[in-house]
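There are 2 protein chains.
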Amino acid sequence: MAKKYNICLDIGGTKILGAIFDENREIVYRLKKKTKEKGDSEENVEKVIIQVVEEMIEAAGIKKKDIHAIAAGAPGVIDQTAGIILFSPNLPWRNYDIRIAIENKFGVPFYIGNDVNVGVLGEWKYGAAKGCNNVVGFFVGTGMGGGLILDGKLFTGHKHKGAEFGHMVLNAEGPLCSCGQRGCLEAFSSKKGMMAYMRQQMSRGRKTMLAEQVEEGMIKSKMLKKAVREADPVAVEAVDRACHYLAIATGNMINAISPEVVIYGGGVIEAMGDQWVEKIQAEVDHYCMPSIRETVELKKAALGDDSILYGALSMIEAE
Amino acid sequence: MAKKYNICLDIGGTKILGAIFDENREIVYRLKKKTKEKGDSEENVEKVIIQVVEEMIEAAGIKKKDIHAIAAGAPGVIDQTAGIILFSPNLPWRNYDIRIAIENKFGVPFYIGNDVNVGVLGEWKYGAAKGCNNVVGFFVGTGMGGGLILDGKLFTGHKHKGAEFGHMVLNAEGPLCSCGQRGCLEAFSSKKGMMAYMRQQMSRGRKTMLAEQVEEGMIKSKMLKKAVREADPVAVEAVDRACHYLAIATGNMINAISPEVVIYGGGVIEAMGDQWVEKIQAEVDHYCMPSIRETVELKKAALGDDSILYGALSMIEAE
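Protein sequences, first through last, are from chains Z and A. Mapping of the first sequence onto the working numbering: position 214 corresponds to residue 214, and the numbering continues sequentially without gaps. Mapping of the second sequence onto the working numbering: position 96 corresponds to residue 96, and the numbering continues sequentially without gaps.
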């Protein structure tokens, strides 16, 4: 029998998702693993990949010889064609050839790309952007990532550093972003941005049911959803402000690119359901040219938390 | 002897530039013609092209049979591949096949593209962006236009409506733009935006040597340069503010695309010399990711007022 399984990984800042796909693109085994500490997964991407792949193979009871290929999405600037990590935040590696390292270990082809780029690839091949030639993707989580499909292929720009919409400045006098700029999209519309707003309001003596999580510096997307559903005023304001600026950034990218579709993915979008996309749809008309607006659709990612896993699979299938 | 001349046109809102190129890409005849009234040239692009081409042929003393092809850059949404004007501001045409009309008239191939796209093409083929794969172009005049070369070819997006950086919202509470939005790049950094600022200051009783031009609603770029050189405070403020927002927009496009080069062209840039580009260079570091900034150059258009003429030539030569 031919090698029939593909192992795909979504390596995030606080957790790792893994899936074993069979030859029908069905997920036959899943893994979700918290990294011990915030940022821990970035300590050593290679070690994490090897450990998680071995754990999955054993737990799923499959044979190593039945594995066709392995692929992963990970944070950082990655040369997807060559499988080289050019730059990753908090990592000493520069121009690290991780493909060779993993292929030598497991003896099967290995592919890796920037996590958000891979997520947009997944939505383009198997999800909400299927069949489109020009796609803009926003992935909202702890931070804010971007991805572009242009003229029918993944676009990463010079030295694979493009699609950083998260750091589009929307108000140069706005709040400080972790990147050092002021008023970036990420500083308004990511979980980091929403927490900063809530922290500011708490410092003014206002109450919120998310106070403890904000103080710890980590809100779960589901808790955010709960707080909004229960009409917690500070949470509602943070979320409305996040949507407002995401609508402006969406308008800017629609004007710049004229995509057929804008896709919203990531943990926050997944937890908030269609609520965000509807709010953005209601507002975006004010922030882009009517003639361009009329030929673009705004959609929630169709693969939910699995966008990056399916994108990893698409990298394997493209070979 | 083979047909040796190409006729290229830059059809603007208030003037038309024309050039006859010989087979060595030398300009052997030039024409600069004001349109009677503001916006007049858009009344009938076809009529204007025919009239100007006939006038140039006659004045240059060349024979019609020596003309190889004609090409033009014009405002509007244009399908450059098909030679079809999809939409042009103030024009009743939709999906107008201007290629057929001109080719029937002169019996030679005709090419047309959006003026700023064609200008960026010119800079890419023969000017400041030669040899680059990813180029972002800002063209500053009465309005503000954008152009993109991505992965080694002109990118226009879905239905050729992309690269509208002029309407990137940089402050949603900013001044009203002619497009109906607030705080667009064009509302800050174009001549229209600078005039609006000066008009506002004049309404507060401040003096400027450009008062008359501002009241008439048309500042010549050279007058703007003169006012800045003579340290007219209102003009200096308008120009500094224009540069500031163009630096923010530049940072946003650098983050989104990771180009090798950003090109600044158009009448205002041409008149202001290197001053704008130097100001933007000094400021842009605050508005883009350092890792992306380090691999991008900021340059003034090398072909000056002729970017669009050379871009038109490049459309002919690409066939």
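It is worth saying that the hints were derived from the structure and are not from the lab. Be aware that one or more of the hints could be misleading.
Unchecked claim - The calculated lysine-lysine pairs, modelled on DSBU-like cross-linking and capped at a C-alpha distance of 30 Å, are: (1) K130(A) - K159(Z); (2) K63(A) - K159(Z); (3) K159(Z) - K3(A); (4) K153(Z) - K4(A); (5) K125(Z) - K279(A); (6) K159(A) - K279(Z).
Quantities reported herein were computed from a predicted structural model and do not represent experimental measurements.
Status of each hint after checking the structure:
1. Between K130(A) and K159(Z) the alpha-carbon distance is near 18 Å, which keeps this suggested pair within the 30 Å criterion.
2. Restraint check for K63(A) and K159(Z): the C-alpha separation of about 49 Å exceeds 30 Å, so the hint is violated.
3. About 43 Å separates the Cα atoms of K159(Z) and K3(A), which puts this hinted pair outside 30 Å; it is violated.
4. Between K153(Z) and K4(A) the CA atoms are separated by roughly 39 Å; this puts the pair beyond 30 Å, and the hint is violated.
5. With a C-alpha separation of about 43 Å, the suggested pairing of K125(Z) with K279(A) is violated against the 30 Å cut-off.
6. Of the pairs offered as hints, the one joining K159(A) and K279(Z) holds, with about 26 Å between alpha carbons and a cut-off of 30 Å not exceeded.
The structure is inconsistent with the numbered hints 2, 3, 4, 5, although it conforms to all the rest.
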